[in-house]
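Make a model of the complete structure from these sequences and hints.
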Amino acid sequence: MELTPERKQSIRRRLEPLLAALDPELKFIEVFLDSSRENLAVVAQKEDRPAVLRLDFVRYVSMPEAELRDTITQQLRAKGLLDSAK
Amino acid sequence: MLEEDGEPHMWRWLKEFLIGSPLETASLHEQRLPKKSALAVLASDNLSSTAYATEEILLALTAGGTAAFLVPAYYSIPIGLGIGLLTLLVVISYGQTMYAYPTGGGAYTVAKENLGVTSALVAGASLLIDYVLTVAVSVTAGIAALTSAFPSLYSHRVALCLVALTVVLLANLRGVRESAAIFLGPVYLFIFSAYALVIVGLARYWMGATPAAAPSPAAASGEILWNFALVFLVLRAFASGCAALTGIEAVATGVKIFQPPASRNAALTLYILAAMLGTLFLGITALAYFYGVSPRAEETVVSQLGRTVFGAGPVYYVLQGATMLILILAANTSFTGFPRLASVMAQDRFLPRQLANLGDRLVFSNGMALLSLVAAGLIIAFDASVHNLIPLYMVGVFTAFTLSQAGMVIHWRRTRERGRHWRASVNAIGAVATALVLVVVAVVKFMHGAWLILVAIPVLVLACRRVRLHYYQVGREMSLADYEKPEELRHTAVVPVAGMNKMVLGAIEYARSISKDVVAVTVNVGGDDRDQLLEQWHAWAPEVPLVVLESPFRSIHRPLLRFIDEMEGWRDDDVITVVIPEFVAKSWWHQFMHNQTALWLRAALLFRPHVVVTSVRQHMKK
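Residue numbers (the numbering used here), protein chains in the order written: chain X, 1203 to 1288; chain B, 78 to 699.
Wrong hints could be hidden among the right ones.
To be verified - Okay, the calculated beta carbon distance ranges per label pair:
(1) X:D1258 - B:G454: 56 to 62 Å
(2) X:R1279 - B:G552: 41 to 47 Å
(3) X:L1270 - B:G552: 48 to 54 Å
(4) B:V536 - X:L1270: 56 to 62 Å
(5) X:R1279 - B:V194: 51 to 57 Å
(6) B:E620 - X:R1215: 19 to 25 Å
(7) B:P686 - X:L1270: 30 to 36 Å
(8) X:L1270 - B:E565: 53 to 59 Å
(9) B:V689 - X:R1215: 57 to 63 Å
(10) B:Q550 - X:L1270: 44 to 50 Å
(11) X:D1285 - B:V536: 47 to 53 Å
Bear in mind the hints are in silico, worked out from the structure with no lab data behind them. We put the beta carbon where it would ideally sit given N, CA and C, even for glycine.
Structure (structure tokens):
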């Protein structure tokens, strides 16, 4: 269920600026994979409100930046962590 | 710290010291009482009313305790005879009830079988309320007798009432046999001293040793004009004197405490009780008239009679002491009636099931505890004032009498037993008579507090229906009729941690044994040990991801609960298992220093439907 440190770092490097661009208060906290190795969990946090975002791990690897941004934006909006205007 | 059965040493020692060692279920039959002991347990409420029923009649006839009677004092005699006749009807009715319904339950059972559920609930609710009031009134009246003798204690009356209530509760929690043994002496002392008062008083009167009754001004002038006000006054006197009937119901409810043949023994005990009640009540009423005693604020009628008949010597003080004890012990009858009625209603799922469970000493200890709690609440709310509590009395018991007798009329119509016609007639007359008394009591005492009971009864009936509906819904939801076996459960185990130690590693290992997906979570409230924790984590549990949440407002609870909620929706798991690492300290007082977050977390997660909470405990050796 745990990713290698290198993999974690690469995901972090990719998602941290993306989250900050959406909302500077959004912090990247942690990332882990489930036992099926299909679901990637990205834990982000704004103030004291954590959110667990779900990404398809296989698609994530080849997902274009725009699509990744849309997927994350959509989930954050659904959880009320991002204004619909952004 | 703990025994094998999980009870702490100290708690077990205290419990055994206060209420005794647990009794085997097999010895239940040994707890059943012979008539002599059962009478002591069940008679105190009813017999205690002879201490004040006559006074209530005289107070009503004098319109509030002035010495001058508004109607002739001898009216108390026919009123007393009328109450005696009503007692006879009610007692015959309950005697028949005990044979027809030997499992106990009294008015509730009779009404349920013959009049339907709503009537049964009205009867049950009325009696439960009345049992609570009996406890509150009798304890308060007993302590009032004490504070009259020692006025300096008056300001502590509420605390004294609560102490007396606790003593009666503990005595009853020791079991039926032990409480009977404790209360046998005071009850029989009262019976003997009250009979001595009546017999010696009547003998002295007939031997002409005392003056004849002083005629009342109204009687002397011959100006008795019957009008509405006078009828109301007489009815009020009759209704007030009907306090003598309270407590009869308890024998019918408590059939099961009698040795076999239970119905026969219970009926015989009831007849003996009624005979004693009738003779003592009528004897005291007659004596009050013969000796020209009128109610006085500073001294009770029984006390005045005792002083006149015996003089202010030791016999008088024995009578007064016994009267005070019987007033307090009147509460004891409710400790038999309330838990048994509550258990019958709980078996029917109208009250929480715990009330049907027998405790360590084979008594319904949960019912007793509930009765004490509610009575204590009433005593505190009414500032331990008998005057404030008395108007609440009697509405409930006469509602139950009426429904019980009406139910018995239907019962006789359904059976083919010999004598059913005259039996039905007795019950019908009794039902009409008690219904009339009920109306009079409700009207006369409405503004003085009876309205509260008229509101409380339907509220309790509604609550009982809601309890039953809840059990019905639980039964339906738990039913296997529509059960579909799920596919393999998929769940993530979330382990909240505060640091890295043996206890945490134990919880992590357990979580890994039940799920392939384990996540640890901690909340950083601004300390500088974050990096140290991460370092330890990578050393000891590198295969389990650790989520370190930040808490800018220093709350551990909010981020943690939100994270668990988020995990619940993350990948459509069937359930989330929250594995909580916990300390179990060696000593009970050490326990208070640990696990506060765990306690809180378990409570907070209680109502989340897809969250399973489990504790992995680290037992401390020292």
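**Request:** Starting from the hint 56 to 62 Å, judge whether the C-beta atoms of V536 of chain B and L1270 of chain X obey it.
**Result:** holds, 60 Å
**Pairwise beta carbon distance, L1270 of chain X to E565 of chain B, judged against the given window 53 to 59 Å** = violated, 32 Å
**Prompt:** Okay, R1279 of chain X versus G552 of chain B on CB: inside 41 to 47 Å?
**Reply:** At 43 Å between Cβs, range holds.
**Prompt:** Do the Cβ positions of D1285 of chain X and V536 of chain B conform to the proposed distance bound of 47 to 53 Å?
**Reply:** holds, 49 Å
**Asked** Is the gap between the beta carbons of R1279 of chain X and V194 of chain B within 51 to 57 Å?
**Response** 53 Å Cβ-Cβ, so the 51 to 57 Å window holds.
**Request:** For the range 57 to 63 Å, tell me whether the beta carbons of V689 of chain B and R1215 of chain X fit it or not.
**Result:** violated, 36 Å
**Prompt:** Do D1258 of chain X and G454 of chain B keep their Cβ atoms within the hinted range of 56 to 62 Å?
**Reply:** holds, 60 Å
**Message:** Within 30 to 36 Å: is that where the Cβ-Cβ distance between P686 of chain B and L1270 of chain X falls?
**Reply:** The hint (30 to 36 Å, Cβ to Cβ) holds, given that P686 of chain B and L1270 of chain X are roughly 33 Å apart.
**Asked** So the hint says 48 to 54 Å: do the beta-carbon atoms of L1270 of chain X and G552 of chain B match that?
**Response** Given about 51 Å between the Cβ atoms, the range holds.
**Message:** Quick check on a hinted range of 19 to 25 Å for E620 of chain B and R1215 of chain X, using CB atoms only.
**Reply:** For R1215 of chain X against E620 of chain B, whose Cβ atoms are near 23 Å apart, the range 19 to 25 Å holds.
**Message:** Verify the CB-CB distance for Q550 of chain B and L1270 of chain X against the hinted window 44 to 50 Å.
**Reply:** holds, 47 Å
In summary, the numbered hints that this structure violates are 8, 9.
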